[in-house]
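Q: In case you want the letters, here they are:
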Amino acid sequence: MPKKKRDAKKIVFESVNDVPKMPMSLGSMLHNKTGTWRNIRPEIKLEDCIQCGICWKFCPDMSIVIEDEWPVIDYDFCKGCGICAEECPVKCIAMVEERK
Amino acid sequence: MKKVIMGNHALSYGAMLARAQVISAYPITPQTQVVELLSEMCADGTLDAKFIKVESEHSAMASCIGASVAGARTFTATSSQGLALMHEMLHWASGGRHPVVMGDINRAMAPGWTIWSDQNDSLSQRDTGWIQFYCASNQEVLDTTIQAFKVSESLYIPSMVVLDAFSLSHTYEVVDVPDQAKVDAFLPKFQPYARLTPQKPCAFNGLTSPEHYMELRYKLEEDMEKVIPAILETGLEFERAFGRLLTLADENRCDDAEIILVTSGTAGYTAHVAVEEMRAAGLKVGNLRMKVFRPFPFDLVRRVLPKARKIAVVDRNISYGHHGIFAQEVKSALHGHTDVPVFGFIAGLGGRDITPATFREIVDYTKSHDAPEENIVWIGVKK
Amino acid sequence: MKKPKKFTLTLPEEELVGSGNLACQGCGANLALRYLLKGLGPQTVLCIPACCWAVIDGPFPYSCMGVPIYHCAFETAASTATGVKAGLDMLGETNVQVVAWAGDGGTYDIGIQALSGAAERNDDIIYVCYDNEAYMNTGIQRSSATPYGAWTTTTPVKFFKDRPKKDIDAIMAAHNIPYLATGSIAYPEDILKKVKKAKDIKGTRFFHIFAPCPTGWKSRPEDAVKLARMVVQNGIFPVYEVENGEKYTQTVKVKEKKPIDDYFKLQGRFRHLKPEHLQTIQAEVDRNWAKMLKKFEG
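Chains as they are written, first to last, in my numbering: chain A, 1 to 100; chain B, 1 to 383; chain C, 1 to 298.
It is possible that part of the hints are untrue.
Calculated pairs, DSS-like style, for lysine-lysine (alpha carbon to alpha carbon, straight line, at most 25 Å) [stated by the list, open to error]: (1) 255/C with 193/C; (2) 200/B with 199/C; (3) 257/C with 193/C; (4) 165/C with 257/C; (5) 21/A with 91/A; (6) 53/B with 21/A; (7) 10/A with 200/B; (8) 247/C with 166/C; (9) 226/C with 91/A; (10) 310/B with 21/A; (11) 6/C with 45/A; (12) 294/C with 91/A; (13) 331/B with 21/A; (14) 9/A with 200/B.
Just so you know, these hints were derived from the structure itself, not from any lab.
As the structure is a prediction and not an experimental result, all values here were calculated from the model.
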């Protein structure tokens, strides 16, 4: 699994000699910060969180990571779909207007 | 070891000796014997390969491509309608840089529904980026198949070895079947450029924007332009290993010919017979039997043909709205290199017989005209 | 902060699908592949034909995945996978799971011949159809997986889809393959269990995973998982497995089958349907459900 290197690079071919013979991938999509797609962002109220794992389980973009047993939103990639807030059994995730 | 085998089986022996690892094929007359023998060879252990009995030719080429990207050496065979059904996947094999080797039994395209020979099926695929070899003897078929694997795998471009329906596919001839050990020495294991393997994950053929497509295709053409030197080099290596030189063409009596015939396939061997007969009658005729059509051998054509006063290209095919395909390509290659007139003849479509008499008629016409009256001179049509 | 407690994980933590991919917000297909790969692990290769995932992965020269992918022609998911498996076997890499991962269009329609061929030969591949019920990648055109009543760009409201969804699971069961299963992204643990079971079976294994598409269904992105749950609980999409074409086992139980109306209300693609249409659909769902229950009884 491509590690979440925050600085995954864009690939630029200077000349035809840099292009691989077979059309094959040479890097990950981590340079593409899909966080810019959001209009609304999830905010987890950790005091109410019961660590049930449901938000992590249902995030389509792998943008909820587990840090020290707590869910943390990865805002670089979270697309703001709202599934986490919708599925949270204790409703401790709020979808708020994205700040510009 | 000398064996009496049919043309189709020469393809099977070629694939077997080349140690093809995955064979995926669908039956179509007149190719069936190729895959039947290979199926037997896989079943009795003569050939250590997987034989996938696919449900259509499109799936045959798709699974060859899958096996090739997994890293295996692959082979298939087909004809006419089956080749046409594969068309999308032919583009895929070349664009994906998969060195699949395929036998194509030249069979005319339906309708009228036919099983007999002409070249439209393979020539319709001339733009797909495949190497095309045209054979005229069973020995040539076996030898060329082995050579094709070597050339294709060195440049990552697929090739097709083409045989005429029935006049080559079903004819029995004496063939020297080489030693497996010698073939192993000539043709080493397939080294893929890159493979589909969890050891080195990557994605092949992702969506390609205008920013990148041209460079990928430029690279395919760049390697296509190395194919003719590779054919010549491997042809010499083949001679050293097996005693038979493999060349781009058969040049028969061209040096002092006034009229040079340009032919391909078994019609090319018939032309040899006709040339000998006509020479005996005092006519200065020669025959250039072309064995490689893609990439087009420009240098060869420009070296040999301008020696003559007239050139008579005999096509067993037609590009509707234009004329014979070998004729078009010969003309385009000679443009700017010579003023020698090129006559284009079309004969033998749908398996209509091409005999020495056909060539006498062709040479008669060529002799009696300074230039062709039309782009197509039809031979044998009941008008 | 509360006293330290372990974060509950009902699925393996490792991610083999990467972030930064091009899936829409709330994409069911993104979840579907995420779950499949959690079950199969890194010794997996994917053959992906034209479908949303052909684009989601990212353009050349990128890939968001932690497993290798071969993007193949539209109708060739099964045939390419068959070839890949044969090739890998010949090279001695026999422990790699070869997966054909296709949408409903590439499975029900253009890809069905190759799929049927592979299943008849019992080729040793896992074929997964992630079903968002239309040709979504090309802009929401109808497929034979589109349900009765749905709007799509080729079944506009005045001529909404008037044929029922093709029963691909019955078709695959008729091939007598060793294992087939349906699944829904709302029940990932069920998918995992089945994938792990399938991993140890040789031969053709077929999965049909229900994957809502907010973009194509004109539903809210946040409802994707909810819709995938409702469609199971109202009986439209039963979740079960079939062994050797005969033994049917329901794996997600439905205690009390819910009426279909709430499910339809959440999707703009059904907004034009009148009460009489919904009644017809409800009757059909009830009929199919009764048939399914008979199969579960064995």
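Q: Evaluate each hint against the coordinates.
A: The hints, checked one at a time:
The suggested pairing of residue 255/C with residue 193/C holds, with an alpha-carbon distance near 21 Å, which does not exceed 25 Å. Straight-line distance between C-alpha atoms of residue 200/B and residue 199/C comes to about 21 Å, which keeps the hinted pair within the 25 Å bound. Pair hint residue 257/C plus residue 193/C holds up; C-alpha atoms about 24 Å apart against a cutoff of 25 Å. Of the pairs offered as hints, the one joining residue 165/C and residue 257/C holds, with about 20 Å between alpha carbons and a cut-off of 25 Å not exceeded.
Distance hint between residue 21/A and residue 91/A is unfulfilled; the C-alpha atoms sit about 52 Å from each other, more than 25 Å. The hinted pair formed by residue 53/B and residue 21/A fails the criterion: a straight-line CA distance of about 31 Å is larger than 25 Å. Note on residue 10/A and residue 200/B: the hinted pairing holds, with a Cα-Cα distance of about 20 Å set against a maximum of 25 Å. Taking the CA atoms of residue 247/C and residue 166/C, the gap is about 21 Å. The hint holds against a cut of 25 Å.
At roughly 15 Å between alpha-carbon atoms, residue 226/C and residue 91/A fall within 25 Å of each other, so this suggested pair holds. Between the alpha carbons of residue 310/B and residue 21/A the distance comes to roughly 43 Å, so the proposed pair goes past 25 Å and is violated. With a C-alpha separation of about 17 Å, the suggested pair residue 6/C and residue 45/A falls inside the 25 Å cut-off, and the hint holds. Pair hint residue 294/C plus residue 91/A does not hold up; C-alpha atoms about 39 Å apart against a cutoff of 25 Å.
Pair hint residue 331/B plus residue 21/A does not hold up; C-alpha atoms about 32 Å apart against a cutoff of 25 Å. This hinted pair checks out: residue 9/A and residue 200/B have alpha carbons roughly 19 Å apart, not beyond 25 Å.
Checked against the numbered hints given earlier, this structure breaks hints 5, 6, 10, 12 and 13; the rest are met.
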